[in-house]
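A.B. asks: Please arrange chain B on chain A, whose structure you already have, making use of the hints.
So the protein lines, in turn, are chains A and B. Counting from 1 along the first sequence, just add 4 to a position and that's the residue number in the working numbering. Counting from 1 along the second sequence, just add 59 to a position and that's the residue number in the working numbering.
In short, the hints are calculated from the structure, not lab data. Note that beta-carbon positions come from the ideal geometry of N, C-alpha and C, so glycine has one too. Please note: incorrect hints may appear among the correct ones.
Quick list of simulated restraints, FRET-style, between CB atoms [claimed, not checked]:
#1 174(A) / 82(B): 48 to 54 Å
#2 315(B) / 208(A): 24 to 30 Å
#3 198(B) / 122(A): 16 to 22 Å
#4 205(A) / 172(B): 37 to 43 Å
#5 280(B) / 113(A): 48 to 54 Å
Chain B regions said to be covered by chain A (calculated; three or more residues, Cβ under 8 Å) [said to hold, decoys possible]:
#6 121-134
#7 143-149
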Amino acid sequence: MEKENKLNDDTLGEIKPVETNPIDNATDDTKGDSKGIAQSELVIMLSGYLNKLIRNSVLRIVVAKIILVTAIVLIVFFIFSYFLYIVPSLQEIGTRQQELTNNNELKNGPEYKKQINTLSKDVQRLSRKFTAYTPGQSYLVINTTDNRFLLYRNKKLVRDGYCSSGSYTRLSTAEGTRHWIFKTPKGEFWIQQKITKPLWIRPDWSFVEEGLPIPAPNDESRFEYGVLGDYAMSLGDGYLIHGTLYKRFLGMPVTHGCVRLNDDDLEAIYNTLNIGSKVFIF
Amino acid sequence: MEEDLKHGPGKLKIAVYAITALFILIMIYYAIMAMISPSVRISAINGEFGFKAPENSVVDQRIFSDSSFVRLNRVKAFSQARITMAETDSIGLALNLSDSTAILEINGVEVHRAKLSEIHISKVLITADEYAVSAMLSTPFTIKEDFSTIKKEPVMIKIAPKDTSEYQPDILPDTARIEAVNYMLEMENGIRLYVSQQKDEEGGGLRKYLFDINDRFKNIAAIFRKIIVFEVPEYHPAIRIKMDRTDARIIYRALPRHGQVAIYR
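Looking at chain A on its own, in the form it has when it is part of the complex (with noise of 0.2 Å):
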C-alpha cells in the first residue's frame, strides 16, 4: 500500500490547465502586470516539474547519469581540442610584424645609396650566375611520375609528350639469391652516345623475369634487333632513352630503367640533342 502511493507520489502528474489567462484580460494600462504574473506562473510550473522530478528516485538517477555521461564526454573533448588545437593555436599568436619603413631622410644619406647600391650588383651578380644554370644549347626533361617529356632549344619548350620510365619493380629469382630493381636514376645526365638501328643485349633479368634459363654472356638468344626502335642514346650505366614495341604502354611506369618514347618524340629528341646534351631526370 505504501510502495502504491509512493509510486502515485512519484509519477508526474497532468499539469492542470490556468483557467484564465491573465494576459487576455489584461488591458494596455495592465500588460506590464500580467506578462509578470504570466512569467511566475511559467516559474511555478517549472518549479513543480522540478519537485517531481527531485521526488522520483528512478528519474533521478537517470538524469544524473546523462548528465555525469555529457560532462565525461564534453571534458574529454575540451582535453583533446586542448592539446590538439587550442595550445598550438595559443603559440600562433604573438607580437607584431616588424614594420617596413620609406624614411626620406634616410634614403638620402650617403650611406644608405651606398648600402642600395652594393645590395643591388650583388643581386644581379647572382641572377646572371643562377641564370647561366640553365644551358643554352637543347636538353631534355623528363618527369617519371607523370610519365612525360619535355625538350627545350634555345631555353624555349619545343616539343612534349609521353614517354615510359621504370616501374619500381623488385625482381627477385625464385631462390632470392639476386635481385633487381627496375628504377630511371633522377638527377642530371648528359648523352654520352647516340646509336642508330640499335640492337638489344638482353641482360640476365630479362631471362629470370619469364623464367628462362641464363644463357651465357655471348650466347645468340640474348641479341634481338628491332626492339628498341631506330635510334637510341646512353645515359651511362646502361640506361638508355630508345623507343619501344609497347606503344600503349607509353604514359606509364613499366620500364626496367631505360626510358622509353614513341618513334616520331624520338627521332626529334635524336636530331635535337647531340653527344654532351643535358638529360634532366626527376
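C.D. replies: Frame of chain A, contents of chain B only:
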C-alpha cells in the same frame, strides 16, 4: 550522511580532487611551456642570424626595416640559397611564397613549376627580426625527415617464375594516382614544410584530417618528452602550402630523402 559530513569527504573524493588538480596543473604547465617555445625560437634566430655590427664602425640600423633594402635583401638571400642548392648536384625545391610558386630545380635548371593555392606561415618566420630571417633563408634547408601519406618510391615486389609456364607479363598501375597526397618535410633547422593536395580533390577531407591529427599527436608527444625533464620544447615553425595533387606527388617523389629547399617570403 551526517557521518560523512562530519568526517569530511572520503578518501576517494580526495583522490579524485587531487588527480583533477594535478591534471589541471599539467595542462597549465604544458600550455605555458608550449607558449614559451616560439619566443625562445625567435630569440635563437635573432641571436644566430641577427645583424652584428663590425667593430669601429657605426651602421644606421634603420636601414634594416627600409622597404627597398628589405626587398633587395630578400631577393639576394633567395638567389644565394638557390645557387648553393644548384651546386649540390641534386634535385631541390625553390619555394617562392611571394608569387605562390614551387619550383623543382636540378643543378639550377627549372624542371617543374607548380602553383600554390594556399599558404600559411608560422609567426616565427613573420615576427622574427627581418634581417635575421633573411640571413637564415640565404642558405637552403636540408630535409632531415619526412612523413607522408604516399610512398617515396612505390616499389612492387615480384618473384621471378621458376619456368616459362609460370610467366605472366604484368602491368600494375601506380596506385598513388588515386591516393590522397599529404606530407611533411622537416628541415634540419626544425622548420617544417607541410604540403597538401587541394581540399576539393578526392581524398582531401578525411585523409587530410587523419594526417593532421597524427602529426598533432606526434607534436604533443614531443612536447611532453621535453617538459617532463623541465626543458622548453622545441618549436617547429611551419609553412603550410596547398597545391594540385599531381604537383604535390611529383615534388615529393622527385626530392631526395635529404634534398634541399630554398624559401623566398
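A.B. asks: Residue count check for the region 121-134 of chain B against chain A: does it reach three with CB-CB under 8 Å?
C.D. replies: Three-residue rule met by the region 121-134 of chain B, so holds; n is 11.
A.B. asks: Confirm or reject the coverage of the region 143-149 of chain B by chain A under the rule of 3 or more residues with a beta carbon closer than 8 Å to the chain's beta carbons.
C.D. replies: Since three or more residues must qualify, the claim that chain A covers the region 143-149 of chain B holds, with 3 doing so at under 8 Å.
A.B. asks: Residue 198(B) and residue 122(A), beta-carbon distance inside 16 to 22 Å?
C.D. replies: Once the Cβ atoms are compared, 20 Å apart, the range 16 to 22 Å for residue 122(A) and residue 198(B) holds.
A.B. asks: Is the hinted range of 37 to 43 Å satisfied by the C-beta distance from residue 205(A) to residue 172(B)?
C.D. replies: Since the Cβ atoms of residue 205(A) and residue 172(B) sit about 39 Å apart, the hinted range of 37 to 43 Å holds.
A.B. asks: Within 48 to 54 Å: is that where the Cβ-Cβ distance between residue 174(A) and residue 82(B) falls?
C.D. replies: Cβ of residue 174(A) to Cβ of residue 82(B): about 50 Å, so the range 48 to 54 Å holds.
A.B. asks: Does the Cβ distance between residue 280(B) and residue 113(A) fall inside 48 to 54 Å?
C.D. replies: holds (53 Å)
A.B. asks: Falls inside 24 to 30 Å, the C-beta gap from residue 315(B) to residue 208(A)?
C.D. replies: holds (29 Å)
Comparing the model with each numbered hint stated earlier shows that all of them hold.
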